[in-house]
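J.: Model the full structure from these sequences, guided by the hints.
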Amino acid sequence: MDMNQYLDMFVEESREHLQQLNSSLLELEKDNRNKSVLNEIFRVAHTLKGMSGTMGFTKMQTLTHDMEDVLDALRNERIFADSDMVDVLFKCLDALETYVNTISQTGQEGSEDFQEIIDALNNIIRSDNAPKKAPKKEKSAPARTGGSDQSRKAAQVKALSVELNQYDINVIKKAFEEDLNVFEIHVVLNEGCLLKAARAFIVFQILEKNSDVIKSVPKVEDIEDERFDHDFTVVAITSKPAEFFDREINSVAEIVRVDITPILPEHIQPKDAGETKPADAAPEAMLPITQANENVHDDQHKKVHKTGKTVRVDIDRLDTLMNLVSELIIIKTRLDDTISTKDSSERETIEYLERITTSIHDAVMRVRMVPVETVFNRFPRMIRDIARELSKDIQLHMSGEETELDRTVIDEIGDPLIHILRNSADHGLETQEERIRAGKPPIGNIFLRAYQDGNNVAIEVEDDGRGIDVEKVRKKIVEKGLETAEIVQSLSDKEVIGYLFRPNFSTADKVTDLSGRGVGLDVVKTKIEALGGMVEVESVRGKGSKFTIRIPLTLAIIQALMVKIGDEKYAIPLSSIKEIENVKPGDIRLVRNQEVILLRDMVIPVVRLDRILGVPGTLPDEKKKSITCVIVKKGEKLSAFIVDALIGQQEIVIKSLGKLLAGVRYIAGATILGDGNVALILDVNSLAI
Amino acid sequence: MNGKSMNKETRQFVVFRIGDQEFGADIHKVSIIEKALNPTRVPATPDYIKGVVNLRGDIIPIMSMRIKFGLPEIEADDDTRTIIFKLNDALLGVVVDAVEEVTTLQEEDIESITTITNDRTLDYILGVAKPGGRLITLLNIEKMITELMEKQ
Chain A
0 MDMNQYLDMF VEESREHLQQ LNSSLLELEK DNRNKSVLNE IFRVAHTLKG
50 MSGTMGFTKM QTLTHDMEDV LDALRNERIF ADSDMVDVLF KCLDALETYV
100 NTISQTGQEG SEDFQEIIDA LNNIIRSDNA PKKAPKKEKS APARTGGSDQ
150 SRKAAQVKAL SVELNQYDIN VIKKAFEEDL NVFEIHVVLN EGCLLKAARA
200 FIVFQILEKN SDVIKSVPKV EDIEDERFDH DFTVVAITSK PAEFFDREIN
250 SVAEIVRVDI TPILPEHIQP KDAGETKPAD AAPEAMLPIT QANENVHDDQ
300 HKKVHKTGKT VRVDIDRLDT LMNLVSELII IKTRLDDTIS TKDSSERETI
350 EYLERITTSI HDAVMRVRMV PVETVFNRFP RMIRDIAREL SKDIQLHMSG
400 EETELDRTVI DEIGDPLIHI LRNSADHGLE TQEERIRAGK PPIGNIFLRA
450 YQDGNNVAIE VEDDGRGIDV EKVRKKIVEK GLETAEIVQS LSDKEVIGYL
500 FRPNFSTADK VTDLSGRGVG LDVVKTKIEA LGGMVEVESV RGKGSKFTIR
550 IPLTLAIIQA LMVKIGDEKY AIPLSSIKEI ENVKPGDIRL VRNQEVILLR
600 DMVIPVVRLD RILGVPGTLP DEKKKSITCV IVKKGEKLSA FIVDALIGQQ
650 EIVIKSLGKL LAGVRYIAGA TILGDGNVAL ILDVNSLAI
Chain B
0 MNGKSMNKET RQFVVFRIGD QEFGADIHKV SIIEKALNPT RVPATPDYIK
50 GVVNLRGDII PIMSMRIKFG LPEIEADDDT RTIIFKLNDA LLGVVVDAVE
100 EVTTLQEEDI ESITTITNDR TLDYILGVAK PGGRLITLLN IEKMITELME
150 KQ
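These protein sequences, in sequence, are chains A and B.
With numbering that gives the first Met the number 0, the residue at position 353 of the first sequence is 352, and numbering never jumps.
With numbering that gives the first Met the number 0, the residue at position 117 of the second sequence is 116, and numbering never jumps.
In case anyone wonders, no lab produced these hints; they're calculated from the structure.
Yeah, the Cβ is synthetic: ideal placement off N, Cα and C, and Gly gets one too.
Accuracy of the hints is not assured; some may be wrong.
[Unchecked claim] Simulated coverage check for chain B against chain A, where a stretch passes if three residues somewhere in it have a Cβ under 8 angstroms from a Cβ of chain A:
hint	segment
1	33-41
2	58-72
3	88-97
[Claimed, not checked] Pairs of lysine-lysine, DSSO-like flavour, derived with a Cα cap of 30 angstroms:
hint	chain 1	residue 1	chain 2	residue 2
4	A	Lys-568	B	Lys-85
5	A	Lys-331	B	Lys-85
6	A	Lys-568	B	Lys-67
7	A	Lys-623	A	Lys-583
8	B	Lys-142	A	Lys-658
9	A	Lys-658	B	Lys-67
10	A	Lys-58	A	Lys-239
11	A	Lys-658	B	Lys-34
12	B	Lys-142	A	Lys-331
13	B	Lys-129	A	Lys-568
14	A	Lys-658	B	Lys-129
T.: If you want it as structure tokens, here you go:
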């Protein structure tokens, strides 16, 4: 069978396993005697080794194998993990990740063999002196299978779940004559297993390589067609010991349990026929016990379990579905417009349709939602590395990992968060000595929180470090010639902090490897704004800083205010509108060559949309009795957009202008109106002053 | 039309008229031909971009061939057509005065214009064909578009 069809699955699963290894290693570093974590790490590494072996990625297999040796030594308490060793293991994970990435791109594992890591791993083993190697094997082998051996013995007396016919018995008899082992192997797959046939295929591949399978329940054909529950039983004749199969089959992913019962001459005695009946019940009865153990086990690793219960769908298919829903909403709006009669039954029908479309929209949106955990889970490792690099003690506290965001947003949010976290770790947090001098606990804290806030998701990165030195930023602004000293003094602290998001603006005295090169915060801002979100910073000198990112839950369908400028219709996203004011033409004043209005003592710059957008045929101010201003917010700042008329609030579907017109200024996209015409969506960020 | 075996020698072109000139575009690039549409103006775009329209849920930019060729604009009439081209993944509508026919040309009937001029700005002209005493300028629409995208 062609392995390529399993490649995606392999890549996806390997990534999950690596992620799990990363978090387990972090736990191990904190508590290097934690047996259950060690066992877990070993188990996952072993699975990874098995998987890469089955897929024929030998370099990856070699690396995991050497890693496994170290893990085995750790598990048997011959050596104990220290930070350096964990470093090597982390490097090992990085190398494995490199392999997986190469595989996902090219289908090949590449030529890199990471010899220095393998050497480092071997050094660890060697430092644990050689004579101990022999007892290890004795010790580890029974340790690994000890538990199941017991239960197996219990089952073995009770005999088989497969009924053997005369032909089978003859074959088995022959096998006994040749001194071969005959096993009944019962394989139980994870209940959430998606590609049961694929798993079974790998099991069969192992079996067929090492044994003759003489019987299978259900039949092999049925297993191939996935016509089986979550378990199957085979009878195999082999020269290899039971432990071999136990180990090999267990290394296949999503296998919950493997029971191996040796078939003995007694089993094929005719008198055994009667005994098979009660035996049937025996494995069943055992099941709950083993299952219970498995459950405890699974609870510790919810992630693996969770993914087991999901369906993997290509994001393109979801996009298609989303587009169809968008179409539905457009046509609904159109229907809404055409039916203006007072016929109550028609209105009712429309309202019903409206409720349904809204529900479908919500449901599809929910399908596209992914917990931010998928982004967050790489941060503990990252912070650990940074902490070691900077010799700071940093504790990362995460909360709200279950908060969900649109898949497309999730993919984009990772990099900005990394920037902010690094920034906090590097610039925000002081060194240990500084902290002690400032009377703070030596361990610095970074809080990463996610939560839903109305139609937005907020992600906060807060540190209890030194906070932003606003005076220093002020000086820097003048130094860089961005503003005069006079203006800088008149700026509020908040406005000053806003300069940190300008390109090439860095207040760090020295540039470190991590941050301070002046790239970063401006990139963060651009990226977040491209997602329709915004970044805010709060900072208290000596207490710490807090970066808050706010991102809209959905990108595809939004509430907008429809306005008229001249004869053209435009949509302004409701989320960026603060209020609407009518002013008299005389209320617009000129301050430093900028038109402004005064609103409750605030000076708000005026943006004449008709001029910027080049709309023909708009009335001059003098001919109007009052001027409608839509007050929009861009971050903290307000601008007054002048429009000719308000049409109303509407749910709109955002469509892109297409490749050919991508990058047109002032326009964030287009939407289709009820009458089939197109209205453009204004890009508030580029229009506001 | 017996398909691909003939492809080497003959090509089909949609022939359209702008002013009194005839132009041709490869039929494989044409997605659909519509009557005059009512585009929504897009600010900050070149003047030959008339705007965007909604065509069965797709937002499609519309280009005026007349303005592109430096001719005065005329009112849309019953003959006015919008040819929707499909180029890679993008759709583009082109407004022409009229669509006349679909014609099959022999490869040897197509003359390269490099023999006439070396003007690089005429890169998007594939060649000219002269069936039965007419003169049809064959356009490489893709080239025209790349030019448009580069300008942005």
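J.: Each hint needs a verdict: does it hold in this structure or not?
T.: Hint check results:
For the segment 33-41 of chain B, the stated coverage by chain A holds: 5 residues have a C-beta nearer than 8 angstroms to a C-beta of that chain, and at least 3 were required. Residue count for the segment 58-72 of chain B with a Cβ under 8 angstroms from a Cβ of chain A: 3. That meets the three needed, and the coverage hint holds. Under the rule that three or more residues need a Cβ within less than 8 angstroms of chain A, the assignment of the segment 88-97 of chain B holds, with 4 such residues. For the hint linking Lys-568(A) to Lys-85(B), the alpha-carbon distance of about 28 angstroms falls within 30 angstroms, and the restraint holds.
The straight-line distance between the Cα atoms of Lys-331(A) and Lys-85(B) is roughly 29 angstroms, inside the 30 angstroms bound, and the hint therefore holds. For the given pair, Lys-568(A) sits about 26 angstroms from Lys-67(B) by alpha-carbon distance, which is consistent with the 30 angstroms threshold. For a cut-off of 30 angstroms, the pair hint linking Lys-623(A) to Lys-583(A) stands: about 8 angstroms separates their Cα positions. A C-alpha spacing of about 15 angstroms is found between Lys-142(B) and Lys-658(A), which places the hinted pair at or below 30 angstroms, so the restraint holds.
For a cut-off of 30 angstroms, the pair hint linking Lys-658(A) to Lys-67(B) stands: about 19 angstroms separates their Cα positions. About 26 angstroms separates the Cα atoms of Lys-58(A) and Lys-239(A), which keeps this hinted pair within 30 angstroms; it holds. A threshold of 30 angstroms between alpha carbons decides the hint, and for Lys-658(A) with Lys-34(B) the separation of about 23 angstroms falls inside it, so the pair holds. About 39 angstroms separates the Cα atoms of Lys-142(B) and Lys-331(A), which puts this hinted pair outside 30 angstroms; it is violated.
Taken as a hint, the Lys-129(B) and Lys-568(A) pair is broken in the structure, with Cα atoms around 46 angstroms apart against an allowance of 30 angstroms. Between Lys-658(A) and Lys-129(B), the direct Cα distance comes to roughly 35 angstroms. Violation of the 30 angstroms bound is thereby established for this hinted pair.
Of the hints listed earlier, those the structure fails to meet are numbers 12, 13 and 14, in rising order.
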